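Colleague: The lines below spell out each chain.
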Amino acid sequence: MKTASEEYFSGHQKYIKLFASIGVLLLGITFLILTGALRQSSFPIGDGPYYHLAAAGTDEIGIGTGWNFLLQYFPMKYLLIATGLLTILLLGLNFKSFSFEERIVALCIFILSPGFIYFFNVGERFGAAFLFSLLTSCFIFNKKYIFAAVSALIIFLFDVHVGLFVLFMLLLYYLHNLKKRKMLYLLVLASLIFIFSIGGEYGGFISDFGSGIGSSIFSLLFVVFCFFLFWNKKNILQLYGIAFLFFLLSLKFEFGILYFSAVLSLLISLCFFEILKRKWESKTARDLILLIVICGILFSGLSYVNRISLDKPDENIFKALEKLPDNAVVFSDIGYGNWILYSGKRNVWSSMMNRDEIRNIEDDLSFVFEDIDYSETIKMLQRYEVDYILIDGDLREKWHKSGLIYLLRYNNENFKFLFEDDGVESWRFFR
Amino acid sequence: MKMILKRNHKILALIFLLVLLIRIYFIFQAPYFDNSGYLVKRYTENILENGKPVLFDQLSYNGRETLYSPLWHYILAFFSLFLGEIAFKLMPNIFISLLVFVIYLLSKKIIDNDELAFFIALMSGVVPIIFVNTLISISVYSLVIPLMFYLLYLFMDIDEKKVIRFVILSFFLSLLHPVSMLFSLSLLVYYIMCSSENLEIENLKKEVMVFNFISTFFIQFLIYKKAFLEYGIGVIWSNVPAQIISNYFSFDILNFLYNAGALTFIFGLVGIIYGIIRKKDKILLLSGLALATLILLWLRLIELKTGLMFLSIALVIASAFTLNLFLVYLGKTKIPYYRLSFVFIVLSLIVLSLAVPSFVFASKYAKENIPSDYEVLVFNWIRENALPDVTVLSPLGKGHYISGIAGKRTVIDDNFLLAPSTTERYQDVEKIYQTSSEFEALELIHKYNIDYIFIPIDTELKYGKIKWIDDENCFRGIFFGTPKVYQVIC
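Protein chains in written order, with the working numbering: chain U, 87 to 517; chain D, 33 to 522.
Simulated from the structure, these hints should not be mistaken for lab results.
It should be emphasised that the depicted structure is a prediction, and the values quoted were computed from it without experimental measurement.
Among these hints, one or two may not hold up.
[Claimed, not checked] In the DSSO-like style, the derived pairs of lysine-lysine whose C-alpha atoms are separated by at most 27 Å in a straight line are: (1) K369(U) - K314(D); (2) K365(U) - K238(D); (3) K398(U) - K257(D); (4) K238(D) - K319(U); (5) K257(D) - K363(U); (6) K369(U) - K238(D); (7) K314(D) - K484(U).
[To be verified] Selected chain D positions facing chain U (in silico; Cβ < 7 Å): (8) V195; (9) I233; (10) N235; (11) L236; (12) E239; (13) M241; (14) S247; (15) Y256; (16) L261; (17) G264; (18) I265; (19) I268; (20) W269; (21) F471.
[As the list claims (entries may be wrong)] Label pairs and their calculated CB-CB ranges: (22) E229(D) - N318(U): 18 to 26 Å; (23) R364(U) - S373(D): 31 to 39 Å; (24) F330(U) - Y495(D): 31 to 39 Å; (25) L331(D) - Y271(U): 35 to 43 Å; (26) K396(D) - F330(U): 51 to 59 Å.
Just so you know, even glycine gets a beta-carbon here, dropped at the ideal spot from N, CA and C.
The shape of chain D in the complex, shown without the other chains (with noise of 0.2 Å):
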């Protein structure tokens, strides 16, 4: 037993190893990070500075006050302590290489087949939209996934000695993201299916979703109360601008094929509905989390890319089951000296069906999604010679590389919770990149303060050259190539 045990270890270790060294090779071949990781960078660097979370940021909005969770960047800003900047790089990515022990306790507990475990956790490591996702963000998403399967794993058999862990963890949880309604909806969604289907729910599960349902909206509450306050219910739609909000849910099933895998997505999908059929406790708790997350996306309370995250993971671990009966129909058929050779071949498509997309979406991501070195050395001659408190207007998408990198005041960026009319800024600022008139583009430049106009290539690919830029009563030149820089001098 010892043996075994100590087999199935290394051999779990080396899959974890596998896994973040590919994550690795990719993180080191792209030296900056993209949008989003620049705004944790920023907040996380505050910590490290003043040892205080940023209440009130200067330089988003031209200045409005911040509404999130620290405890994610309190964690970078301890492990920076020891690693330095490295730590913004490595520690997302260890964290959710640790998925692999995850999702191989579950496999294990839904299949008691350590072979088969061992792949599904394996896939788990490559799975596309996770890859890339989670690789030079410093997403929180990378302990979050990792951290709320977990909890999916204690609860599939919970007994006394667990539930203090999972008491624990239902709270760190809660404290680092509020998609942690989205596991306590998907325990909501288990129970409402195990009732339908008349299957009985042990007590002791029933008073942890009740723990897990009411302790996640008490911290949500209490994090997220003047979010409350200022938007009612619609805190759900975090101020997401009107024109992004109906973008949510435009789901394209062959780009999901893609982003999740192919063959995942059928043997996820296959084994969600013999579950279900056959009444499997497990593969419900499953279904539970794919539904919730399709009802969040459907609702468009969550963002696609982060949906359809926990829906491959799901799906994945779905598949186990679907290739458990597979494997176990092959054994009984009279082919079993082929056996071995076509589980090797559907094994192996699985695989490649993972991995060639993580790695050539990983590669794409890590050339469009972060700044050139041109874009940098731009940014850095904004943060060296403009005068402190300016404001830059950048796209939406390019918002935390002006206040990250250049250090700069912005007019628009993603952090929407609390930020000043977003809908109307968004549409402003589509408009002064779109305007052919002037007049238009200053009124609204003069409504926002704006010192510097950046435009970057994609830009000036989607609007077209902006032909009033060329005013030099109104604005000076400053870098002509890709990006764009002008100082608006009227």
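Same shape as in the complex, but just chain U (with noise of 0.2 Å):
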């Protein structure tokens, strides 16, 4: 016999399903907005986007080109909101294999999964080259090769590492429908291999101990405790050892960080739907647990959205570079170097340039930072033709003890204090 309430769920199960899709799609645009929302200034975070901005209206081919030339015709702001949905509505339609409840329950954790709320809340080209991936995934799931082919390709565009990612994931995609076992663990451990020798800065992988992008720390624990709860089910420990791979490739590369959430959502889903399915001795104890790991996953997205809306740069900086004249060369710390290029002015270095020529550069400056040798420091700032230098209270407390501060403050002869505003100090040097 059906209750009143089954039979009214089972007559209306296409309405529900609409208002639960309905229901995701709001939940993704609130947590697009959400940041901006919280922010005092109008201002993207981070310095990635503003290498982006600055390309986006020169010919120069660089990094992210496709990005760069999207953002020479739409606003960045609505193309993150755009990118964002899109990515929700491919990510729902890769996993049409799971059921309904599965794909909602795994499409909302991720969206309040940090990775999402950071590349498509800060204007990165990583937020593009996922969607672009979803969609060649979505072309390859439905048997159209050569629209997966093209999407494949439009990712290089976007990044280059993604899109070797993206063709290497297709190769080992090849092999298992193949059957050909070896030859894909062969090559899961050539990648891994790989991915190790080629160093790189581990910055964290929890978010909520700091990390700049990484994952929350209860969908970590969930799986962790669910892993102990369902090793022996086949399609889970499989799902497990692909969400263990993307989450080493997250320790290297920032994009990685994505992937590894999508599957993390996922994983997360299929748990939290066999946690439901077993048998309790204290429903009060299942439910309670569900409701606190609920609460955990939303409260560490939330407190990420909170803390990347009061993520640098303010208007200050700004306000401070355009007194400067154009073309010239200001030093400041790295992360700064996007700020200035955007600024129209020149930078002596920035987070975009690759990393053996940054450890240059930083080898360079150790003289600038941490000794109070005069001549080296003036001739390192002579060496990169530095004009201007820019300091804001958080760089004064990063300095403190630099060489560089002490001259500021000494040395009248190469440094003219040029003027201080709301903490943003900013000086000559004469060459």
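Assembling the complex is the task here: the two chains are given apart, and the hints tell you how they should meet.
Modeller: Okay, structure coming up:
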């Protein structure tokens, strides 16, 4: 005998599905605009977007040409919302082989993940590259290989590394379909060795512990806990394997966190429903555990939104930069390089340079930051043809023991204080 | 049955009253609180005045953000509304005296012997390390310890009825203090031990274990989010200066024997070992707690005295198991006539090994760890005569007196979480008291905007007389006894 509510729901399932889908999209929109709403200034977050904004109007072929091209025609804010929503839609299509409930929960968790929040609120190129990789896999699943190839090639316009990664994943998928297991495992192993041999910085992987981008601690704890419960379920175990690979990738490549977040969300969703299906002695304990996990994931997402909304840059830096002449070389921290570029000045270094280049400059500038060796510091500043030096409160704190701060205070011969605006100081360097 | 229940209640109530009266006798001999007590008092008074916890402490570290769970302060504030200032002395002692009920229940569950359970309950009331550390500190552990052991009691034979109580108290404990993580870790160690011994754990137990683990972590995360972001995983060391953290696990076995009671330690340890060998589920649970505490102590994640408090109670309960075995064995020997006197001697020895050190330590603690009348006079003078926003330098262990009694800013105190560069400050403060160079001292004095220098007698005994303080061009002496106070005038 059916209860009234069961009858109601079976009769109105179509509407329920529609409402759930609309709910997911609304959640997506909320998390795509929330950061901007909480942010005090209208300037984009981080330093990467300023590189793209600076390159958008030029013919220069640099990093993220595709993204720079799009930014030329569309405002970044709207472009991010559009790519974010399309990503949710395409991810939903990629998860088509799972039940509707599992898909909806997975999408909600993905929207709340720091990876999604970061890449679709900060105007980096990786969000769009991820979108096209989802499109590629959608075409592959639907056996539209020519479209898939075109889409895969477009990814290269956004980021070469993501493009190569997607091609590699397609190769693995192909081998999987051909059931060439040995070859597949060999390739995975080789790729892991390659990833870990290329070096690179480790920036932490738990956003709640202060890492720039990462995963929610609650998501990670939940999947680790579920691993002990469901390690004997083959489909879930395979997903754990993929998640682990993507996790390793995310430790080396920033974009890896998007792929890891997507698989992690699916994994959490599957585990969530497995836990619901499981026989529990205490329903209270089960419900409370699931409630806490949901609250934890939501809390992590919201606190991450709040955190990145407070990120730099603020208006004061651009106000100070505006007062300096165009094309002058302005020296500041590496994280300020793209802001300098965006405001029409030349920088000494920026986070968009390749690792070796940055390392070389870092070695050169060690005199400026560490020693109080007057002649070496001056020599280095001359070598990089520095005209102005820009320092704000954070840099004063960061460099408080450096030779540069000491020289600015005591050397009137080479340095001249120009102005201070809301904590941002500008100094002239006489070469 | 009803008669027995009533008799048991009466005996338990008597034990509770006895423990409480002993405590009251000691607390009213000490007119003041110890250093940490003044921090709790100040934060509670803020709640009484504004209804809100202190989020930015103007006095500590020359002004800094604070991060703590204010539940304990709210509880104290609530009782202060009815009892006034006496609540600070009375309530923590009432809470910790409730431990005798919890230990009775736990012991009864382990040995099913009423008389022995009463005796163990009495023992728990006079464990020296707990007796001393919860006497005049307004310590949150006064409530945490009984609560944690009550949760252990609920967990031992958990059923559907007890789940709700367990859930609520588990939440409450997590809100009260981060040491609730110790309880979660104990359950985890218990689980590992049972699994390694191939002992079946009921599903319900597993479920509440998971719940406790997740809820505790979630609440800690919610409260200490800022600290997690600031220190990452290093938050577990609570920003304690490196110089202090290195002393966290200076485990001295003789000191522990004296603090926890030598016979309790021996009987407790035997009980735990025997319980593990015999795969006794309840003893395994206690072993889980003992082992988890030792792990945390070894990793320097909790303070030695905090760890020893939990360890000693676990040993007291485990000793019930040994004593029970001992009594059963005596019954089987050919000396039943001497049984009573023999038992009496052993039990008296145990009580003496606990009660005597408790009373000795309590008297000593009350003398050494609370400010003298003269010190309070000095603090009051500073409160009334110094300008409102001056900074007073004092050693780490006296920081809360400066902010609590004198109402002035401090350079350092032991509320380390989110405090600015604690290691550097600790080093600098030590350097000021230690250095013979006036130039070096003045540089540090200006670095921290110090207006007054407070020199307690123990600091002088530790580092010797401060020579540069006699420079009358820079320092004006205000008090020359013990303690000394100088004003910085240059």
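Colleague: Against each hint, give a clear statement of whether it holds in the structure.
Modeller: Outcome of the hint check:
1. K369(U) - K314(D): The given pair, whose Cα atoms are some 25 Å apart, holds under the 27 Å limit.
2. K365(U) - K238(D): holds, 13 Å
3. K398(U) - K257(D): holds, 21 Å
4. K238(D) - K319(U): At roughly 20 Å apart (the allowed maximum being 27 Å), K319(U) and K238(D) satisfy the hint.
5. K257(D) - K363(U): violated, 33 Å
6. K369(U) - K238(D): Answer holds: K369(U) to K238(D) is near 13 Å, not above 27 Å.
7. K314(D) - K484(U): Violated - the C-alpha atoms of K484(U) and K314(D) are around 54 Å apart, more than 27 Å.
8. V195: With Cβ-Cβ at 5 Å, under 7 Å, it holds.
9. I233: violated, 12 Å
10. N235: This interface hint holds because 5 Å falls under the 7 Å limit.
11. L236: holds, 4 Å
12. E239: With a closest approach of 4 Å, the E239(D) hint holds.
13. M241: violated, 9 Å
14. S247: holds, 6 Å
15. Y256: Nearest chain U Cβ about 11 Å off; hint violated.
16. L261: holds, 5 Å
17. G264: Given a least distance of 4 Å, the restraint on G264(D) holds.
18. I265: Holds, about 6 Å.
19. I268: Given a least distance of 11 Å, the restraint on I268(D) is violated.
20. W269: violated, 14 Å
21. F471: F471(D) check fails; min Cβ-Cβ to chain U is 20 Å, beyond 7 Å.
22. E229(D) - N318(U): 18 to 26 Å: About 23 Å separates the Cβ atoms of E229(D) and N318(U), which means 18 to 26 Å holds.
23. R364(U) - S373(D): 31 to 39 Å: violated, 58 Å
24. F330(U) - Y495(D): 31 to 39 Å: violated, 55 Å
25. L331(D) - Y271(U): 35 to 43 Å: Holds, at about 38 Å.
26. K396(D) - F330(U): 51 to 59 Å: Since the Cβ atoms of K396(D) and F330(U) sit about 57 Å apart, the hinted range of 51 to 59 Å holds.
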